[in-house]
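Novice: Sequence:
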Amino acid sequence: MIARLRGQGLRPLLQPSDPSLNLPVSITWTGPVEGALKEICLQLGFRYREAGTPSAQVMTVVVHGLNRPAHELLEDIAWQIQPQAAVRFDPINRVLTLARTTGKELHS
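Residues in the sequence shown are numbered from 17 upward in steps of one, following the numbering used here.
Keep in mind the hints are simulated off the structure, nothing from the lab. Honestly, I wouldn't trust all of these hints.
[Stated by the list, open to error] Label-pair ranges, simulated between beta-carbon atoms: (1) Arg104 / Thr76: 19 to 27 Å; (2) Leu82 / Thr118: 31 to 39 Å; (3) Asn38 / Thr118: 26 to 34 Å; (4) Thr76 / Ile108: 12 to 20 Å; (5) Asn38 / Gln73: 13 to 21 Å; (6) Pro40 / Ala72: 34 to 42 Å.
[Said to hold, decoys possible] 20 Å max Cα-Cα, derived EDC-like pairs, lysine to aspartate or glutamate: (7) Lys54 / Asp106; (8) Lys54 / Asp34; (9) Lys54 / Glu88; (10) Lys54 / Glu66.
Just so you know, these numbers come straight off a predicted model, no measurement behind them. Glycine residues also receive a C-beta, built at the ideal position from the N, C-alpha and C atoms.
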């Protein structure tokens, strides 16, 4: 999915702001986004956090990667969940946040 979007000239949503986001991660996941992000956090030693009000609609993602840089997998997830949510990374505290939105915050 990312390769196709990049081929259309779209830029990445996440920049590898921390060297740890270049670490290889392996995941095969089809299901709620929370589970995929928790699995990536577990492999990288990050903490997982959620912000915003959960909606009744489950945000489902499909992520497949074998020894791929973490930032590529996180970018893939970010594309799939917008505009309902965004993935944010705090490099100082090593926290990945699933930030749910109403869709308006990402367009400003």
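Novice: Give a verdict on every hint.
Specialist: Okay, the hints, checked on the actual structure:
{"no.": "1", "hint": "Arg104 / Thr76: 19 to 27 Å", "result": "holds (20 Å)"}
{"no.": "2", "hint": "Leu82 / Thr118: 31 to 39 Å", "result": "holds (35 Å)"}
{"no.": "3", "hint": "Asn38 / Thr118: 26 to 34 Å", "result": "holds (32 Å)"}
{"no.": "4", "hint": "Thr76 / Ile108: 12 to 20 Å", "result": "violated (31 Å)"}
{"no.": "5", "hint": "Asn38 / Gln73: 13 to 21 Å", "result": "violated (33 Å)"}
{"no.": "6", "hint": "Pro40 / Ala72: 34 to 42 Å", "result": "holds (36 Å)"}
{"no.": "7", "hint": "Lys54 / Asp106", "result": "holds (15 Å)"}
{"no.": "8", "hint": "Lys54 / Asp34", "result": "holds (18 Å)"}
{"no.": "9", "hint": "Lys54 / Glu88", "result": "holds (16 Å)"}
{"no.": "10", "hint": "Lys54 / Glu66", "result": "holds (11 Å)"}
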